[in-house]
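K.L.:
This is what each chain is made of:
There are 2 protein chains.
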Amino acid sequence: MKEIFSNPSFKLGVLGGGQLGKMMLAETRRYDIYTVVMDPAADAPSRLASNEFVCGSLMDYNTVLDFGRGLDVLTIEIEHVNVDALEVLEGEGVKVFPQPRALRIIQNKAVQKQFYKDHQLPTSDFFTFENAEELHEGLKKGNWKPPFVWKAATGGYDGFGVNIVRTEADIQNLPNQAGLVEAFVPFEKEIAVIVARNENGEVVSYPVVEMEFHPTANQVEYVLCPAHISPEAAEKAKELAEKTIAAYDLVGLLAVEMFLAKDGNIYINEVAPRTHNSGHLTIESNFTSQFEQHVRAVTNMPLGSTDLRIPAVMANLVGDKGYSGPVKYEGYRDLLAMRGVYIHLYGKSSTRPFRKMGHVTATHTDRAEARAAAEKAKDAIRVQSR
Amino acid sequence: MKEIFSNPSFKLGVLGGGQLGKMMLAETRRYDIYTVVMDPAADAPSRLASNEFVCGSLMDYNTVLDFGRGLDVLTIEIEHVNVDALEVLEGEGVKVFPQPRALRIIQNKAVQKQFYKDHQLPTSDFFTFENAEELHEGLKKGNWKPPFVWKAATGGYDGFGVNIVRTEADIQNLPNQAGLVEAFVPFEKEIAVIVARNENGEVVSYPVVEMEFHPTANQVEYVLCPAHISPEAAEKAKELAEKTIAAYDLVGLLAVEMFLAKDGNIYINEVAPRTHNSGHLTIESNFTSQFEQHVRAVTNMPLGSTDLRIPAVMANLVGDKGYSGPVKYEGYRDLLAMRGVYIHLYGKSSTRPFRKMGHVTATHTDRAEARAAAEKAKDAIRVQSR
Numbered sequence: 001m002k003e004i005f006s007n008p009s010f011k012l013g014v015l016g017g018g019q020l021g022k023m024m025l026a027e028t029r030r031y032d033i034y035t036v037v038m039d040p041a042a043d044a045p046s047r048l049a050s051n052e053f054v055c056g057s058l059m060d061y062n063t064v065l066d067f068g069r070g071l072d073v074l075t076i077e078i079e080h081v082n083v084d085a086l087e088v089l090e091g092e093g094v095k096v097f098p099q100p101r102a103l104r105i106i107q108n109k110a111v112q113k114q115f116y117k118d119h120q121l122p123t124s125d126f127f128t129f130e131n132a133e134e135l136h137e138g139l140k141k142g143n144w145k146p147p148f149v150w151k152a153a154t155g156g157y158d159g160f161g162v163n164i165v166r167t168e169a170d171i172q173n174l175p176n177q178a179g180l181v182e183a184f185v186p187f188e189k190e191i192a193v194i195v196a197r198n199e200n201g202e203v204v205s206y207p208v209v210e211m212e213f214h215p216t217a218n219q220v221e222y223v224l225c226p227a228h229i230s231p232e233a234a235e236k237a238k239e240l241a242e243k244t245i246a247a248y249d250l251v252g253l254l255a256v257e258m259f260l261a262k263d264g265n266i267y268i269n270e271v272a273p274r275t276h277n278s279g280h281l282t283i284e285s286n287f288t289s290q291f292e293q294h295v296r297a298v299t300n301m302p303l304g305s306t307d308l309r310i311p312a313v314m315a316n317l318v319g320d321k322g323y324s325g326p327v328k329y330e331g332y333r334d335l336l337a338m339r340g341v342y343i344h345l346y347g348k349s350s351t352r353p354f355r356k357m358g359h360v361t362a363t364h365t366d367r368a369e370a371r372a373a374a375e376k377a378k379d380a381i382r383v384q385s386r
Numbered sequence: 001m002k003e004i005f006s007n008p009s010f011k012l013g014v015l016g017g018g019q020l021g022k023m024m025l026a027e028t029r030r031y032d033i034y035t036v037v038m039d040p041a042a043d044a045p046s047r048l049a050s051n052e053f054v055c056g057s058l059m060d061y062n063t064v065l066d067f068g069r070g071l072d073v074l075t076i077e078i079e080h081v082n083v084d085a086l087e088v089l090e091g092e093g094v095k096v097f098p099q100p101r102a103l104r105i106i107q108n109k110a111v112q113k114q115f116y117k118d119h120q121l122p123t124s125d126f127f128t129f130e131n132a133e134e135l136h137e138g139l140k141k142g143n144w145k146p147p148f149v150w151k152a153a154t155g156g157y158d159g160f161g162v163n164i165v166r167t168e169a170d171i172q173n174l175p176n177q178a179g180l181v182e183a184f185v186p187f188e189k190e191i192a193v194i195v196a197r198n199e200n201g202e203v204v205s206y207p208v209v210e211m212e213f214h215p216t217a218n219q220v221e222y223v224l225c226p227a228h229i230s231p232e233a234a235e236k237a238k239e240l241a242e243k244t245i246a247a248y249d250l251v252g253l254l255a256v257e258m259f260l261a262k263d264g265n266i267y268i269n270e271v272a273p274r275t276h277n278s279g280h281l282t283i284e285s286n287f288t289s290q291f292e293q294h295v296r297a298v299t300n301m302p303l304g305s306t307d308l309r310i311p312a313v314m315a316n317l318v319g320d321k322g323y324s325g326p327v328k329y330e331g332y333r334d335l336l337a338m339r340g341v342y343i344h345l346y347g348k349s350s351t352r353p354f355r356k357m358g359h360v361t362a363t364h365t366d367r368a369e370a371r372a373a374a375e376k377a378k379d380a381i382r383v384q385s386r
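Respectively, the protein sequence lines represent chains G and P. Per our numbering, the very first residue in the first sequence carries number 1; after that it's consecutive. Per our numbering, the very first residue in the second sequence carries number 1; after that it's consecutive.
Errors might be hidden in some of the hints.
For chains that are exact copies, the list does not tell them apart, and a pair is met inside one copy or across any two.
Straight-line C-alpha distance at most 20 Å; calculated SDA-like pairs for lysine to any residue [what the hints assert, rightly or not]:
id: 1; residue 1: K321; residue 2: Y61
id: 2; residue 1: K11; residue 2: R47
id: 3; residue 1: K356; residue 2: N7
id: 4; residue 1: K262; residue 2: M338
id: 5; residue 1: K328; residue 2: N7
id: 6; residue 1: K328; residue 2: S9
id: 7; residue 1: K117; residue 2: E239
id: 8; residue 1: K236; residue 2: N51
id: 9; residue 1: K2; residue 2: E90
Keep in mind the hints are simulated off the structure, nothing from the lab.
Turn these sequences into a full structure, and let the hints guide you.
P.N.:
Right, dumping it as structure tokens:
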């Protein structure tokens with residue numbers, strides 16, 4: 001095994017250079033790991049702090065192949081990448097984590113959903129379809145009535161590609177594309193567990209977090225840790241997350257989003273095979289951040305402690321409605337003096353409504369205080385344009 | 001006042017791009033502050049994560065002048081810089097923090113020592129001299145007998161330029177250069193306080209740390225926080241640090257190294273007008289790290305909380321004796337699984353005996369446990385060459 005630290009002949013590659021990549025680079029810098037990043041945007045946040053930055057398409061076969069050759073380990077910060085190229089690279093001896101076969105399943109939400117069924121991992125009832133015709137046949141055959149959830153098989157991100165179908169009229173407006181329909185789970189909470197696994201098979205899970213969604217944008221507004229759920233539910237969530245990463249036989253990080261249903265059962269909603277918005281608060285609240293853990297997992301280092309140092313609440317800072325263009329932040333000065341409140345800006349040069357531009361994490365021994373501070377911060381900071 | 005965050009037309013300059021600059025860049029990236037760094041070494045740690053990196057001499061008048069023009073704020077990570085150029089830049093409207101006049105005093109240890117006397121800030125007895133002749137006259141005149149301390153006026157760093165004179169024979173070996181002689185303080189502990197001050201005059205101090213020195217290398221081996229001293233002594237140390245930054249009228253960070261004497265008095269040893277080795281543990285142990293605080297202070301942002309989150313012990317990782325050349329780290333794998341132990345590597349490509357290559361911070365609710373973990377880590381990690 002090559003030395004990883006301070007060794008310019010060990011190269012870690014990252015596909016995608018957005019905020020997740022940027023926050024990971026803080027860790028690769030701390031360990032002095034030579035890191036090469038590719039992103040289609042020349043001004044991507046990871047253009048800085050990487051040892052090499054390449055501007056290129058993540059979906060283009062030849063571009064990904066060229067990028068990956070000569071790397072020791074190749075990982076991702078976004079799952080929308082060319083998996084065919086990754087499979088070739090894997091065959092050529094590059095360690096690709098998460099593995100291409102897992103990415104292929106996860107990239108397609110219909111295939112992903114079927115995977116849970118095939119592996120007896122609890123998930124809500126569903127059926128999949130290739131187009132609108134099959135969708136309508138399926139609804140009729142299964143006698144599906146609103147409310148239910150419609151999801152595009154591919155192309156969804158940050159709440160896009162998901163429709164909550166509430167009325168018969170909503171059904172007529174669904175697009176003609178491949179996807180799945182799933183039962184709407186009357187849930188108590190939406191929760192998530194991030195689980196990490198290295199090549200040696202070591203597995204660690206983070207404490208369960210709960211999510212609060214923006215009432216209209218279908219985006220996570222707050223992530224809270226620890227989740228206020230029973231110890232039994234927390235244990236069950238952790239077990240489900242660990243079973244899921246084992247089912248995928250995945251090396252790296254897996255963020256497992258789940259519903260804690262009103263009946264006490266837990267269902268997998270969907271997963272992300274990488275660092276995730278629900279884990280941003282680990283930077284301040286856990287002994288090892290998700291970003292460091294990801295680096296450890298894909299380079300087969302011993303995994304770090306996931307224990308909570310202090311409760312925390314994370315709020316996304318998204319672009320204000322009505323503003324597009326070069327970003328300008330307002331209203332943050334007073335917050336800087338608040339103890340335990342941390343502002344993270346992603347270094348994106350342009351804002352647009354609801355674009356994730358940064359986040360704020362508030363920590364406090366009392367989670368309710370952290371929640372109040374996060375709300376205060378979120379409401380004070382304005383993400384506008386110049 | 002210009003916007004500071006995500007504003008490419010606001011430029012923060014940093015003279016020096018070693019480990020202190022590198023750790024500061026983690027914070028400027030978090031706030032997306034456009035940062036320009038100059039260092040004489042093309043492979044300096046700060047070549048990455050800065051928006052612009054310039055290779056140039058910090059002591060050359062024209063080089064520093066050219067670098068500083070067009071910057072909004074100019075700061076340092078090392079005090080050995082061309083102060084004449086900084087004074088011109090200040091006159092031209094660049095905000096230079098710490099201010100050149102404070103740097104001029106601090107750069108010269110004899111002048112610095114006299115400054116404390118002039119400002120009634122407690123420091124050990126001393127006299128200054130321009131050369132060996134004046135030194136020997138002064139020793140005779142003042143009837144100085146070993147043990148005492150000899151310090152070069154300029155050029156000292158990391159324990160170099162300091163001699164503990166123990167015998168009459170040692171006196172004969174002292175070099176012929178300007179410096180000072182000071183009384184050897186029979187001290188209980190060597191302690192330090194980092195104090196920050198912004199342009200608005202806001203002042204905050206970090207909890208007192210204590211230092212343990214390497215028995216032979218005259219380098220700090222461990223920094224421990226909190227210091228195990230009486231609350232009265234801690235309060236006195238804090239007051240002295242705050243009086244000192246006020247005397248310098250300094251904007252930025254001031255690390256004040258002090259002796260807690262056996263008689264209970266506290267004496268200033270020396271100061272550094274910047275982030276400092278004694279503050280590395282603030283990254284993990286305090287609500288605001290010294291690196292973030294430095295950025296806040298020099299850009300006139302509200303200062304952050306200096307409260308302790310958890311006790312911590314920092315150990316420097318220095319090059320092993322007998323190894324010079326491209327660095328290779330060994331023995332760290334088992335440490336990665338230790339909860340609350342953080343390894344920082346500075347990204348220096350070459351090691352040499354006793355060169356500061358990184359540090360490890362161990363955190364624990366019980367300081368003794370943190371001390372044990374830091375020692376274990378320090379003893380396990382070998383900094384050698386390939």
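K.L.:
Among all the numbered hints in the text so far, which are the ones the structure does not match?
P.N.:
Those not satisfied are hints 1, 4, 8.
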